[in-house]
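Chemist: These protein sequence lines map, in sequence, to chains A and B. Under numbering that gives the first Met the number 0, the first residue of the first sequence is numbered 0, with each subsequent residue one higher. Under numbering that gives the first Met the number 0, the first residue of the second sequence is numbered 0, with each subsequent residue one higher.
Please note that a few of the clues may not be correct.
To be verified - Short derived list, chain B residues pointing at chain A, Cβ under 8 Å:
| id | residue |
| --- | --- |
| 1 | Gly195 |
| 2 | Ser198 |
| 3 | Phe272 |
| 4 | Pro312 |
| 5 | Asp313 |
| 6 | Ala317 |
Claimed, not checked - In silico SDA-like pairs for lysine to any residue, Cα to Cα no more than 20 Å straight-line:
| id | chain 1 | residue 1 | chain 2 | residue 2 |
| --- | --- | --- | --- | --- |
| 7 | A | Lys211 | B | Asp285 |
| 8 | B | Lys134 | B | Thr160 |
| 9 | A | Lys161 | A | Asp226 |
| 10 | A | Lys211 | B | His286 |
| 11 | A | Lys211 | B | His267 |
| 12 | A | Lys211 | B | Ala284 |
| 13 | A | Lys211 | B | Asp268 |
| 14 | A | Lys211 | B | Pro204 |
| 15 | A | Lys211 | B | Pro207 |
| 16 | A | Lys54 | A | His133 |
| 17 | B | Lys134 | B | Thr158 |
| 18 | A | Lys211 | B | Gly270 |
Rather than coming from a laboratory, the hints here were simulated on the basis of the structure. Only a predicted model underlies this, so the values are computations on that prediction, with no experimental measurement involved. Backbone N, C-alpha and C fix where the C-beta goes; we use that ideal spot for every residue, glycine too.
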Amino acid sequence: MTRCDLQFDSQGRLRHLLTIEGLPRQTIAEILNTAESFISVGEREIKKLPLLRGKTVVNLFFESSTRTRTTFEIAAKRLSADVINLNPAASSTTKGETLLDTVRNLEAMHTDLFVVRHRESGAAHLIAQHVPAHVHIINAGDGRHAHPTQGLLDMFTIRRYKGPFEKLRVAIVGDILHSRVARSQIHALTTLGAAEVRVVAPMTLLPTAVEKLGVQAFTDIRSGLEDVDVIITLRLQRERMNGALIPSEQEYFNLFGLTPEKLAYAKPDAIIMHPGPMNRGLEIDSAVADGPRSVILPQVTNGIAVRMAIMALIMGGPGAGPAPAESRRTE
Amino acid sequence: MRVQIAGGHVIDPANGIDGQQDLFISEQGFIAGVGTAPDGFRAEQTVDARGKLVFPGLVDLRARLREPGLEYKATMESETRAAVRAGITTLCCPPDTYPVIDTPAMAQMIQQRAWRFGLAFVHPLGALTQGLQGKLLTDMAALDEAGCVGFSNALEPVTDTLVMRRAMEYAAGFGLTVFLHPNDPWLRNGGCVHEGEVSTRLGLPGIPEAAETAGVARDLALVEQTGAHAHFCQLSSARAVAMVAAAQERGLDVSADVTAHHLHLTEHDIGFFNTQCHVLPPLRADHDRGALRQALASGVISAICSDHQPHEPDAKLAPFAESEPGISGLETLLPLTLRLVDQGLLGLVEAVALLTSKPARILGIDAGHLGVGATADLCIVDPEARWVLSVDRFTSRGHNSPFLGWEFHGAVTHTFVGGKLVFEAR
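All chains, full assembly: derive it from the sequences and hints.
Modeler: Below is the structure:
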């Protein structure tokens with residue numbers, strides 16, 4: 000594992016969140032604990048905290064998104080920040096402006112935090128290398144590389160439902176090759192010490208040397224799901240047939256689609272997760288998606304608290320939270 | 000001007016010279032004597048080379064000068080100046096200029112422009128197919144006549160195997176060398192890094208080793224079929240090296256080169272998206288680097304080149320896959336090669352041969368040696384100088400290098416081209 004020094008300031012505090020790779024375990028625990036303390040905010044009558052009052056957050060989404068952008072927007076607003084949503088894919092970049100020029104222009108408007116999504120791996124790193132010290136970057140998905148806030152909200156969800164990671168076997172099923180979510184989940188799970196992390200997919204959707212990330216690869220879903228505590232299914236883009244990666248939707252669903260029958264290979268109390276948006280009948284059967292073991296909707300709810308925690312920690316420093324003294328919990 | 004280079008340690012692999020000798024350069028710019036002065040020689044200028052190494056001027060098999068077409072990146076003047084500062088006196092430029100070198104006029108224009116600046120000699124490669132489009136052959140005989148030292152489709156693949164066969168056959172008939180960049184475009188599939196550990200970690204589209212080996216296998220089959228005289232450019236993988244070695248063993252007339260950066264870096268140097276390490280073919284795994292180094296030592300690979308590609312800063316200020324590939328490599332060619340000597344991989348004479356006589360032989364030109372009567376192209380190197388590569392040190396207009404911050408051993412103090420002092424360190 001390589002540490003990404005760009006994410007920390009000279010005092011070792013988290014300055015940007017670009018990837019989970021190389022984050023110390025205690026940093027992840029601090030984010031999850033802080034998120035825990037924010038959960039109750041969403042259940043209150045007045046869902047606002049003044050932690051980021053006067054700060055400007057720009058949601059800079061070069062690639063479209065509904066869930067991620069909306070939960071970031073809600074999270075920032077609950078922390079009292081001013082939020083602006085931009086979708087430059089449709090404006091300046093098509094006029095030939097470079098990525099860095101777009102960012103520099105927005106920075107000149109005194110933005111404090113950029114939440115960035117871009118189709119190219121490494122886009123958030125590039126931006127973080129070129130912003131002044133007081134500007135923060137959160138990666139909301141870069142190409143196939145990372146989606147750290149999704150990875151962290153998934154860890155938060157797993158911890159809430161299944162407890163300590165050391166005993167957990169987790170299987171990630173689907174298009175690992177193209178998935179930034181899978182990469183972030185793998186780094187988070189290996190850092191948190193999960194007993195076993197498995198990836199399950201046809202060979203064409205598994206990246207080369209995936210074992211080097213600390214996972215075991217399976218092409219047979221039956222052995223891949225055997226005795227697991229957590230199943231994460233990934234979205235399969237319907238156009239993957241075109242690159243000769245899979246033969247047909249039908250064959251994919253038959254072999255890898257999560258059905259009640261396949262669920263039976265896992266532990267009886269295993270939970271089912273999906274980062275969304277789902278293709279029902281392709282990677283997941285409705286009976287599983289809507290079944291009692293699905294935590295897919297709680298994942299979305301938790302996403303708000305986790306993103307609040309990340310923004311508060313990055314911009315507010317350690318001890319950020321609604322009432323840090325009482326509500327912080329240790330791992 | 001008659002020049003005497005006095006007291007230097009001359010290394011001239013082509014002539015088996017490795018020892019302290021004086022060199023004498025004639026009025027006309029040729030080597031007039033080695034060791035002993037020709038009768039009646041009176042030097043007008045004497046260069047004190049005591050404690051220094053004297054090499055033939057280096058021959059770089061591949062350097063993009065960006066002219067014509069991309070003068071915002073660099074010019075022929077800026078890059079030939081950078082070359083002589085780095086001890087390189089002969090450059091070969093690939094045909095992927097704008098416009099492409101597929102007419103005698105273009106080939107002559109490039110040589111004449113270089114000649115006008117009087118710095119390094121520039122030899123063009125002609126395009127193997129018109130416009131590098133892989134469809135129609137170029138007028139190879141006329142291009143040869145106009146000074147092209149070989150033919151290449153540069154990084155553009157010739158996907159039609161029949162066209163490749165005809166191109167090789169046609170070239171073979173006139174004894175022309177074909178320079179090949181083996182690469183299967185379908186397997187490359189838009190990749191930008193080696194398909195392996197790092198592509199998986201960073202989620203970058205990978206170029207599998209098979210993109211290179213499938214290309215080598217196809218081209219070797221065609222070389223065998225046509226009897227073409229072929230040179231493989233910048234091999235990057237252990238398996239490709241083994242295939243070329245096996246072909247040489249069978250007696251096939253094939254040579255190969257490697258870039259200096261593939262001998263020192265691997266995929267891991269990309270770290271978190273360092274675009275300075277974005278090169279084609281990509282930096283590969285540790286064992287590939289090891290095999291390339293071994294192939295140098297064993298002679299399977301007979302030249303080290305810079306694959307110089309100067310860029311303006313913006314070319315690298317983009318997300319990795321969107322950044323432009325290439326390294327400004329002229330000024331690190333000799334230092335990176337000397338580092339291989341320091342590391343014990345190569346002897347000094349061998350290292351100098353890989354930068355002088357051997358690449359000259361691949362190009363079929365009379366350069367890269369200091370025999371009496373040869374053009375007096377040479378460089379003098381202070382082996383004790385230690386320096387760190389920084390942006391201000393570049394003479395090239397391109398400052399794009401993954402070696403910024405590296406400490407090097409050995410620096411060029413003088414360069415002569417055609418007997419004329421074209422660079423002297425201050």
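Chemist: Next, verify each hint and record whether it holds.
Modeler: Each hint tested on the structure:
{"no.": "1", "hint": "Gly195", "in the structure": "holds (6 Å)"}
{"no.": "2", "hint": "Ser198", "in the structure": "holds (7 Å)"}
{"no.": "3", "hint": "Phe272", "in the structure": "holds (3 Å)"}
{"no.": "4", "hint": "Pro312", "in the structure": "violated (11 Å)"}
{"no.": "5", "hint": "Asp313", "in the structure": "holds (7 Å)"}
{"no.": "6", "hint": "Ala317", "in the structure": "holds (7 Å)"}
{"no.": "7", "hint": "A/Lys211 / B/Asp285", "in the structure": "holds (15 Å)"}
{"no.": "8", "hint": "B/Lys134 / B/Thr160", "in the structure": "holds (10 Å)"}
{"no.": "9", "hint": "A/Lys161 / A/Asp226", "in the structure": "holds (14 Å)"}
{"no.": "10", "hint": "A/Lys211 / B/His286", "in the structure": "holds (16 Å)"}
{"no.": "11", "hint": "A/Lys211 / B/His267", "in the structure": "holds (13 Å)"}
{"no.": "12", "hint": "A/Lys211 / B/Ala284", "in the structure": "holds (13 Å)"}
{"no.": "13", "hint": "A/Lys211 / B/Asp268", "in the structure": "holds (17 Å)"}
{"no.": "14", "hint": "A/Lys211 / B/Pro204", "in the structure": "holds (17 Å)"}
{"no.": "15", "hint": "A/Lys211 / B/Pro207", "in the structure": "holds (17 Å)"}
{"no.": "16", "hint": "A/Lys54 / A/His133", "in the structure": "holds (12 Å)"}
{"no.": "17", "hint": "B/Lys134 / B/Thr158", "in the structure": "holds (9 Å)"}
{"no.": "18", "hint": "A/Lys211 / B/Gly270", "in the structure": "holds (15 Å)"}
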